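S.K.: Residue numbers (UniProt numbering): 1 to 184.
By construction, these hints were calculated from the structure, which means they are not laboratory data.
Some hints could be false.
What the hints assert, rightly or not - Keeping only pairs whose Cα atoms sit at most 20 Å apart, straight-line, the calculated EDC-like set for lysine to aspartate or glutamate is:
1) K114 x E102
2) K58 x E29
3) K166 x D74
4) K166 x E29
5) K166 x D144
6) K56 x E29
7) K167 x D178
This one's a predicted model, so the numbers in the text were calculated from it and none came from an experiment.
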Amino acid sequence: MESLPSEVNHYYEHCTVPVIDWFFKQATEALHHGLWLPACTSFLNGIETSLRVTLKLKSTVNVQQSVPVLVDLDGTSVMSNALMRKAKQEGMPIELLSFPAEKNMLAKIDAGKKPEADIVRLRNSLCHGNILEFIMSVKVGSPDPIRIFTPGNCCGLALLLSALSKKWTVGLHQYWIDNNLTSC
């Protein structure tokens with residue numbers, strides 16, 4: 001893992017607007033402090049917010065006006081296959097949000113509500129407290145395993161989301177430049 005300042009600087013170099021950037025910076029700080037759940041949910045919320053803000057700005061900002069620092073997201077869709085599909089239609093590089101083992105993310109997005117793309121499923125599961133897929137079974141002296149959840153169960157996911165978020169912010173930053181959305 002890179003040093004904290006180096007990783008946080010990545011998000012300064014590929015900035016959009018503070019409401020997006022801070023989710024990724026805070027997620028990185030949480031990751032470096034071993035706060036796996038806050039890291040995961042902040043990375044996921046940063047990805048969701050970046051999609052929502054970008055789509056909202058794309059439909060309202062023109063070349064003559066600068067990008068607002070604050071964006072009202074009332075009335076915009078939350079994380080879903082439909083939101084991802086709309087982002088894809090607008091030319092956003094959503095393929096960067098595909099997990100390494102996920103072979104058919106674009107097909108899932110095009111198919112409708114189910115099955116959800118992995119990024120959508122994970123965001124909805126973790127941000128709504130659905131932790132079943134993160135529960136471990138361990139044997140501790142009894143014939144039946146005990147099912148437990150600790151935040152450490154999300155360590156691998158936090159590291160994966162960190163890597164995915166770095167790629168995503170590079171692609172998103174370029175999209176903002178190409179579409180005259182950049183405020184940096």
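S.K.: Please write out, lowest number first, the hints stated earlier that are contradicted by the structure.
M.R.: Violated: hints 2, 3, 5, 6.
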